[in-house]
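> Respectively, the protein sequence lines represent chains S and A.
The C-terminal position of the first sequence is numbered 267 in the numbering used here, with every residue numbered one higher than the one before it.
The C-terminal position of the second sequence is numbered 1263 in the numbering used here, with every residue numbered one higher than the one before it.
What the hints contain is simulated information worked out from the structure, not anything from laboratory work.
From a predicted model like this one, the values you see are computed outputs, not experimental measurements.
Check each hint, because a few of them may be wrong.
[As the list claims (entries may be wrong)] Simulated coverage check for chain S against chain A, where a stretch passes if three residues somewhere in it have a Cβ under 8 Å from a Cβ of chain A:
no. : stretch
1   : 89-101
2   : 256-264
[As the list claims (entries may be wrong)] Non-contacting residues of chain A with respect to chain S, defined by C-beta distances greater than 10 Å in every case (computed):
no. : residue
3   : A1018
4   : A1026
5   : F1028
6   : Q1075
7   : A1088
8   : T1128
9   : E1129
10  : A1138
11  : I1139
12  : R1144
13  : L1179
14  : S1186
15  : G1232
16  : I1250
Virtual Cβ for every residue (Gly too), placed ideally from N, Cα, C.
One-letter residues, chain by chain:
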Amino acid sequence: MPPQALVEIQNVNFAYGNRPILKGVNLSLPKGKVIAVMGGSGCGKTTLLRLIGGSLRPSSGQVKVDGQVIHELDHNKLYLMRRKMGMLFQFGALFTDMSVYDNVAFQMREHTDLPEEIIRDLVLMKLHAVGLHGTHHLMPAELSGGMARRVALARAVALDPMLIMYDEPFAGLDPISLTVVGNLIRRLNDALGATSIVVTHDVQESLKIVDYIYFIADGVIVAEGAPDEIKSSSKPFVHQFVYGEMDGPVPFHYPGGNYQQDLNLKT
Amino acid sequence: MIGLAKKLRSIGHHVVDAVWRTGYAARFFFLILLYSGTSFQRFRLTIKELFSSGVMSLIIILVAGMFVGMVLGLQGYETLKRYGSESALGSLVALSLVRELGPVLAALLFASRAGSAMTAEIGLMKATEQISAMEMMAINPIARVVGPRFWAGVISMPLLSALFSAMGVFGGYVVGVVLIGVDQGSFWSQMQAAVDFQHDILNGVIKSVVFGVAVTAIALFEGYDAPPTAEGVSGATTRTVVQSSLAILILDFMLTAFMFQGD
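Just chain A, with the same shape it has in the complex (with noise of 0.2 Å):
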């Protein structure tokens, strides 16, 4: 019986835990919104996070964008071949990024390479006292640390992302094109009548911005959140990439299910 109450009272802490910890992320999340100002009055600020999560993420997008376009191109001319179009495989290799591979693989990306890192940062700030020594100089750490970088993760994602098409398109090519054969002149042509700009650009380009914020607004909430403790700072740095890899999949089939319904 005893046993049963403890049992029941943990599930109900766990709740009430779950609950409260979401009502704080929202107001967080409210909290940059409305602090956002200083990050475009001063965005200099914003430009040295774009430096810090956007240009310093290029290699890793770049290389495994380039990587996953050549195994598109592998693995789509192998089953084109089955019905003798080799001749679509650009067509292929461009829808499958820009419309998934590229936003959703760039964002998983992001989260490992930057949003880990912002985690960690703020997390060893609050650890170490600058984020209430900021406060206590009266100046708000949400408009000043956090804010920058949320905008700076939303505009370097949708970048991102694009490079990392770009570069699988170009990796396609070379594996079709260049090692394999394909003819050059359909490859491209195809690619141009397959890809739609609104229909297929446009909505990879909201997917990654959609992407963009929930990455770096559940880096940036774990950060501001960790017990100031070696420990907490490296789980919440574990959860910022477990959570953002979890909701970007999930965002990801909620935004297809809208975008291409009925198709």
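Next up, chain S with everything else stripped away, as it sits in the complex (with noise of 0.2 Å):
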């Protein structure tokens, strides 16, 4: 028996305006599994995202986390349900006005009663799980990128989630921190038998870490599977992907009409 899902998203469409972008979108995400969605910049990846975070609404379809359909539920249940969830984001919105420690000990101030011994001795421990013990007392500025990252999810993952959302974890980070950061997303989704959702187009980390991955471009997933079905797939636009080539079935130029044209060229 396959293992039950944790969040299902069943044939959603979603547009800005007029421009859709999600079109008919299956997907999910059974329980204990890290789960990635890959595909070029712009193709509705984070979208998909704040979707399931109930921050935007489907046009159709819908979104269900833990047997629930996110979009009908009112304000305050899907205030109870975000609690359920941690979200990483792409680079790492720390509040900047707080301290490492009190970032940490941010949402278990909100949302809980511990008293600040409790709270002190948990914000130290996620701090260590993420091996930055020590750093409590820095002040976002004065932290690198990679070890943002790391606060950020030491901070995601506080009040110990069923859903951790990771969107773009790997922009921007060099290469020791890309794999302390992979190792860290695939450990602390066992350590906390959490469920994870990955959105990159990181193809190399991501493959290592993840159980399935998901492609989407032009807003239909294109292909999936898992990752040796990935790495070895003949489908020309997983291959240009995978492969990083410059030209396929994504274009290198831009559609801006007949060059030849635009210079004066008699053709």
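From the two separate chains plus the hints, produce the assembled complex.
Next up, the structure:
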């Protein structure tokens, strides 16, 4: 029997005004797994996360998290649901006016009545889990990009969420930080018994850590499979994407009209 | 013909846009009031903002108040001397400050010092996804971030304007009495006799509360609505200063017309 799905996206359409972003997307996140959603920039990956988090409503179709249709929840129920989710934003989105400690403690203070001593222990444990013990007194401006991402990760898992969402967790990191963050995503998911969805275009790093991959292009899922299947895929788009080829189904040139005509050359 | 149609379309677009934005701003203001509970239940959050918008504005308010009072002392003395009524200098300085200059100038300074900072801060929080992060953590940013800033502005505005007026009166005293030599007794006694608590001071306080609401609401809305780019935030900061300055002056005229009619 396949494991139960924590998130189910059924036939979801979404458009910004007249510009369609997602066209009939079906996707499911089995409990305990790490799933990657890949695709070029602007293909609707982040929109997908926003739909799961309930900050956007689908034009049609439904997004179910833990058995509940997200866009049908009222404000309070949605907020209750979000307490069970953690999200890592592209550049960390740490609160710049607070120290590392206060950032990680933020949700604990807002959502629980835990005494400060317990919060302190929890914060130190979370920071230790991401390998940043001893940084609690620093301000976000004093951290490197990789460290900020790890602090944000500690903050995202502060309340032990059942679902962790990662928006481009690998963007702008050096190779060492890349491996560290990649491993943390896998380890935290397994240690917390959570389910993770990683939206990324970093193919090599994600192939190492995820269980299953979906490819989105032009608003539809064009390919899916386990990492090995993806690596050996013969589909032209997947092949171009995985091996970073310059030209292919995704053309090098912007469809900018007739070049020779623009240069006033006779054809 | 096509040019005309284009122009009409552009005017229509601007009008629709302006109406939409006004509605959005009104909704935003309503939400601030609706979620104000947090600002008072957790008054510490508001105190923190009182420090950054109120206390940090003290120096500019005090220095400006002092100089405005000194100028009033000089100009007032020059004018009153012509009619031989230099002894009325105290009442002139105090009435001008308490009724008009205190609330209006303090609010204008507050808009450029604290209002612009609020817009830039909220705009950057939005641009760096801190606001979205808060929403995803199931924490209402209007209650947690915007509300305390709003109430801190509304509370600090009348206090700053009172300090501005007090410093102004002191400046007028320094120039009028200490430097020029107007009689000290008549300076203070004329002031006491002329300034009415309800008619002058209370109306001045009401004005500064209204300005406080206007400036902070504009500053917070502009920040919250700023496009998440460097250009967007800088444009929003400029708009805050321009719009709140105009709002202060227009509201001042309206309030004055109501308060002091038939004088």
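> Measuring Cβ to Cβ, find out whether Q1075 of chain A lies farther than 10 Å from everything in chain S.
Q1075 of chain A clear of chain S: closest Cβ-Cβ about 43 Å, beyond 10 Å.
> Measuring Cβ to Cβ, find out whether F1028 of chain A lies farther than 10 Å from everything in chain S.
The claim holds: F1028 of chain A sits with its nearest Cβ about 16 Å from chain S, beyond 10 Å.
> If we take the beta carbon of R1144 of chain A, is the closest beta carbon in chain S still more than 10 Å away?
8 Å, violated
> Please verify that the nearest CB of chain S lies beyond 10 Å from A1088 of chain A's CB.
50 Å, holds
> Minimum Cβ separation between A1026 of chain A and chain S greater than 10 Å?
At about 19 Å from chain S, A1026 of chain A clears the 10 Å cut-off, so the statement holds.
> Beyond 10 Å on every Cβ pair: is that true for I1250 of chain A relative to chain S?
Nearest chain S Cβ is 34 Å from I1250 of chain A, so the label holds.
> Quick one: see if chain A covers the stretch 89-101 of chain S, three-plus residues with Cβ-Cβ under 8 Å.
holds (count 7)
> Taking C-beta pairs only, is A1138 of chain A more than 10 Å away from all of chain S?
4 Å, violated
> If we take the beta carbon of L1179 of chain A, is the closest beta carbon in chain S still more than 10 Å away?
45 Å, holds
> Would you assess whether A1018 of chain A, listed as outside the interface, keeps its beta-carbon beyond 10 Å of every beta-carbon in chain S?
19 Å, holds
> Does the claim that I1139 of chain A lies off the interface hold, with its Cβ farther than 10 Å from every Cβ of chain S?
5 Å, violated
> Looking at T1128 of chain A again, its CB stays over 10 Å from all of chain S?
6 Å, violated
Hint compliance for this structure: hints 2, 8, 9, 10, 11 and 12 are broken, all remaining hints hold.
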